Amino acid sequence: MDVPLWSTFSYLADRSLPRGQRVRVSFGSRRMCGVVTNNGNAEQQYAFRIKCVDEVFDELPPLPEAFLDLVNFAAGYYHHPYGQTLFTALPTALREPRAVRLPDRRVWRLTPAGRDAEVAPRHKVRHALWQALCADDLAPEGARAVAPSAATILKAWQDSGWVTRVDAAVPPLAVEGVIPLNTAQRAALDAIEASSAPHKPWLLHGVTGSGKTEVYLQLIERQLRAGRQVLVLVPEINLTPQLIARFTQRFPLTPTAVLHSHVADGERLVAWVDAWQGRARIVIGTRLAVFTPMPELGMVIVDEEHDGSFKQQDGLRYHARDLAVWRAHRAAVPIVLGSATPCLETLANVDAGRYRRLVLAERAHHAAALPTVRLVDVRRAKRSEGLTDEVLAALADRVRKRELSLVYINRRGFAPVVACTECGWLSGCPRCSAKLVVHLLERKLRCHHCGWEEAVPHVCPDCGNTDIKPLGEGTQRLEAALGRALPTARILRIDRDTTQRREAWNDIYRQVHAGEVDILVGTQMLAKGHDFGALSLVAILNADAALYSADFRASERLFSQLIQVAGRAGRAERPGEVLLQTQWPEHPLYQALVAHDFDRYAAELLGERRQLGFPPASFQAQLRADAPTLAEASDFLHTIRERLAQPAQASGVAVCGPAPALMVKLANRERAQLVLESPQRAALHQLLNQLTEWLPAQNVGRGLRWSLDVDPQDT
Amino acid sequence: MQNHLVLTASVEREEVLRYTPAGLPVLEMWLRHHSKQNEAGFERDVTCEIQAVLIGKQAPLHAGKLAGNTVALTGFLSQRSLKNPRLVLHIEHVEFVKG
Chain P
747 MDVPLWSTFS YLADRSLPRG QRVRVSFGSR RMCGVVTNNG NAEQQYAFRI KCVDEVFDEL
807 PPLPEAFLDL VNFAAGYYHH PYGQTLFTAL PTALREPRAV RLPDRRVWRL TPAGRDAEVA
867 PRHKVRHALW QALCADDLAP EGARAVAPSA ATILKAWQDS GWVTRVDAAV PPLAVEGVIP
927 LNTAQRAALD AIEASSAPHK PWLLHGVTGS GKTEVYLQLI ERQLRAGRQV LVLVPEINLT
987 PQLIARFTQR FPLTPTAVLH SHVADGERLV AWVDAWQGRA RIVIGTRLAV FTPMPELGMV
1047 IVDEEHDGSF KQQDGLRYHA RDLAVWRAHR AAVPIVLGSA TPCLETLANV DAGRYRRLVL
1107 AERAHHAAAL PTVRLVDVRR AKRSEGLTDE VLAALADRVR KRELSLVYIN RRGFAPVVAC
1167 TECGWLSGCP RCSAKLVVHL LERKLRCHHC GWEEAVPHVC PDCGNTDIKP LGEGTQRLEA
1227 ALGRALPTAR ILRIDRDTTQ RREAWNDIYR QVHAGEVDIL VGTQMLAKGH DFGALSLVAI
1287 LNADAALYSA DFRASERLFS QLIQVAGRAG RAERPGEVLL QTQWPEHPLY QALVAHDFDR
1347 YAAELLGERR QLGFPPASFQ AQLRADAPTL AEASDFLHTI RERLAQPAQA SGVAVCGPAP
1407 ALMVKLANRE RAQLVLESPQ RAALHQLLNQ LTEWLPAQNV GRGLRWSLDV DPQDT
Chain B
89 MQNHLVLTAS VEREEVLRYT PAGLPVLEMW LRHHSKQNEA GFERDVTCEI QAVLIGKQAP
149 LHAGKLAGNT VALTGFLSQR SLKNPRLVLH IEHVEFVKG
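As they're listed, the protein sequences go chains P and B.
Mind the numbering: the first sequence is residues 747 to 1461 in my numbering, read in order.
Mind the numbering: the second sequence is residues 89 to 187 in my numbering, read in order.
If you're looking for bench data, these hints aren't it; they were derived computationally from the structure.
Only a predicted model underlies this, so the values are computations on that prediction, with no experimental measurement involved.
The beta carbon of each residue, even a glycine, is placed where N, CA and C say it ideally should be.
Just so you know, not all the hints are guaranteed correct.
As the list claims (entries may be wrong) - Below, in silico cross-link-like pairs of lysine to aspartate or glutamate (EDC-like), each with a Cα-Cα straight-line distance of 16 Å or less:
| hint | chain 1 | residue 1 | chain 2 | residue 2 |
| --- | --- | --- | --- | --- |
| 1 | B | LYS145 | P | ASP1213 |
| 2 | P | LYS901 | P | ASP850 |
| 3 | P | LYS1057 | P | GLU1108 |
| 4 | P | LYS946 | P | GLU960 |
| 5 | P | LYS1147 | P | GLU1262 |
| 6 | P | LYS1215 | B | GLU127 |
As the list claims (entries may be wrong) - Residues on chain P that point at chain B, a partial pick, calculated with CB under 8 Å:
| hint | residue |
| --- | --- |
| 7 | VAL1164 |
| 8 | THR1167 |
| 9 | GLU1168 |
| 10 | VAL1184 |
| 11 | LEU1186 |
| 12 | ARG1189 |
| 13 | VAL1202 |
| 14 | PRO1203 |
| 15 | HIS1204 |
| 16 | THR1212 |
| 17 | ASP1213 |
| 18 | ILE1214 |
| 19 | GLY1218 |
Claimed, not checked - Not close to chain P: a few residues of chain B, all C-beta gaps over 12 Å, as computed:
| hint | residue |
| --- | --- |
| 20 | LEU95 |
| 21 | TYR107 |
| 22 | TRP118 |
| 23 | SER123 |
| 24 | PHE130 |
| 25 | VAL134 |
| 26 | GLU137 |
| 27 | ALA151 |
| 28 | ARG168 |
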């Protein structure tokens, strides 16, 4: 059951229920949905009274064994209560204590009696429907298209035995628009094709624009031909429409299930059940799709495997890529992890021989070369609103030639902070240890961490000065500055504020592909696999901030983000150029970027991690606590630390902290953390098993809250 | 504490009108003052330059029209910023002067 407790619960049923059966039970005073995990002994005597199962939801078959297996693994590995893990893995509709109703999508077919019935042409609507049925079976929506009142008529005909309902035939496989592969793509495809069980995961390491998607598509084609299902995980919801469009173009008849958090509950349930019942042959989705049951799973593909959004940051803190690897291993099917910038964990697995790497070193489009990267030293150059003359001139040149440019700045809003230059006041968030960001269009100050919002003050709250100033640049400010500097340029801003609407991305693609845009101004959203076609210039501003971060993963992330953004340049026929404004042009990270040498810098970073004993050279878990005051959170962690001291020492696990979180205060709660670290995964997990026994029941009130994060991604 | 300055000066240069994040118009300018004053019973020449700023409703009305003109100003003095002690005249009232 979906409760924060480690155990399962016993209920009586009037018959034996299979494992995976959904039921309704009462739990305390609540009616809740439960899932049967095992059958006890009916003869067994209990020392307490046990309640009965109230209702059995058997409109769907019991959840499959492979699904329960995956849940069981996830609960164990992430040390999360089994019930909560199970309910996280289920689509929302199946978490409710209610039977679900799935739309009846069987088709209508004329019986011999119906064929003989000869509906008279003067009954126009009925005649049209009958004729349509004579020609072919009709799906419910097809019948509605012939006659809006079809449902009523067909019901009546069904009663008189003229029509019946049958399952729609599986559509044949159609494959359209296959692009010939180059040598490297072909080699990768053949290698994966030739692999046999036990499969080691494949890392498909292809530079940006090397045509990884085409390799996926041809792999999928083979799987579909062999009658197997394919699971495709992508990081961003924004990427799904683009990818789905490519999939439906390639496989126009193949039923495809799409699963991400923006799909409405009802639709998601249908897609999930379709995948489970084998009707959907391809499942594309974000991290939550990793749990989708697929009886004939033949292959798993994880695109942009380095992406942080595969890691869930609350509740069950799972990493979808890692679960996908386990799932593929368990199902004995191949898994392909694709990226231009694989994460260090994956590279370490390649080094250790656990994964195998396939390299696509060339761009797929024969005319497309990797862009030239130039560093613009801002220590000497004068900047106006964050832009150097060099970058501005390059942009102006592209606007004149009507070529598309991209200005990348990883900060939305107008400016990251408002300051009073007379007394030194800064716009701080009253609830977090963070600054309020100026959103000038709305004349609001917003906290990007807790959502706090207030009007921009007219005067400095400390000294009354009216001339308070926005400091630094965000996307809104650049949009405005570029509009003034290049009045003829058509500028489109892309950040979380402009992409909230459901249709936002479709509009963006339409505008870009129709050539209605000269300059895109955007945040890291643009670093993810979007293909805008002919990007001729990418200008990167204010990248340096990440070099000063205390998070040991910051350089890895910055490097991968920059390679991804730079990779937007020079696709298709036009050569691209990347200009990066920095104060540290000699930094090895930027030098590697100029040389397009991912491998060398990644090896350097990996070497550093090994020296320092950080992941992937070690395994970590983080116990976080938050409370109204830091003292409460630290005290709790101190107690835990003391209890852990001895067993930790015995098993060689280092316990560090408690230390205040990098952002101590968030939404009026102060946070601290304890880091457990060991070079041995098994030792760490053994200690975690002990730890979870000691942890108090989760408090949902205002007091102390804790959470455990295995393989944390944020420091 | 008193802080009141009366000054007649010519406007050497005007910045482009800008707005604070709260939407208040701000007009910055540079003033040049030249006059004869009495000191210890002797008449002497006085020359000075000072930065001035006009904030509020008056700013857009005067923007673009001040440069090159002589104006009579009243206002108060404040230092430019936390780090820069140079004085800036914050204009409360401005009036054109012939000649």
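So, going through the hints one by one against the coordinates:
{"no.": "1", "hint": "B:LYS145 <-> P:ASP1213", "in the structure": "holds, 14 Å"}
{"no.": "2", "hint": "P:LYS901 <-> P:ASP850", "in the structure": "holds, 13 Å"}
{"no.": "3", "hint": "P:LYS1057 <-> P:GLU1108", "in the structure": "violated, 30 Å"}
{"no.": "4", "hint": "P:LYS946 <-> P:GLU960", "in the structure": "violated, 21 Å"}
{"no.": "5", "hint": "P:LYS1147 <-> P:GLU1262", "in the structure": "holds, 13 Å"}
{"no.": "6", "hint": "P:LYS1215 <-> B:GLU127", "in the structure": "violated, 41 Å"}
{"no.": "7", "hint": "VAL1164", "in the structure": "holds, 6 Å"}
{"no.": "8", "hint": "THR1167", "in the structure": "holds, 4 Å"}
{"no.": "9", "hint": "GLU1168", "in the structure": "holds, 6 Å"}
{"no.": "10", "hint": "VAL1184", "in the structure": "holds, 5 Å"}
{"no.": "11", "hint": "LEU1186", "in the structure": "holds, 6 Å"}
{"no.": "12", "hint": "ARG1189", "in the structure": "holds, 6 Å"}
{"no.": "13", "hint": "VAL1202", "in the structure": "holds, 4 Å"}
{"no.": "14", "hint": "PRO1203", "in the structure": "holds, 6 Å"}
{"no.": "15", "hint": "HIS1204", "in the structure": "holds, 5 Å"}
{"no.": "16", "hint": "THR1212", "in the structure": "holds, 5 Å"}
{"no.": "17", "hint": "ASP1213", "in the structure": "holds, 6 Å"}
{"no.": "18", "hint": "ILE1214", "in the structure": "holds, 6 Å"}
{"no.": "19", "hint": "GLY1218", "in the structure": "violated, 12 Å"}
{"no.": "20", "hint": "LEU95", "in the structure": "holds, 20 Å"}
{"no.": "21", "hint": "TYR107", "in the structure": "violated, 9 Å"}
{"no.": "22", "hint": "TRP118", "in the structure": "holds, 16 Å"}
{"no.": "23", "hint": "SER123", "in the structure": "holds, 29 Å"}
{"no.": "24", "hint": "PHE130", "in the structure": "holds, 38 Å"}
{"no.": "25", "hint": "VAL134", "in the structure": "holds, 28 Å"}
{"no.": "26", "hint": "GLU137", "in the structure": "holds, 20 Å"}
{"no.": "27", "hint": "ALA151", "in the structure": "holds, 16 Å"}
{"no.": "28", "hint": "ARG168", "in the structure": "violated, 8 Å"}
Consistency note: the structure conflicts with the earlier hints numbered 3, 4, 6, 19, 21 and 28.
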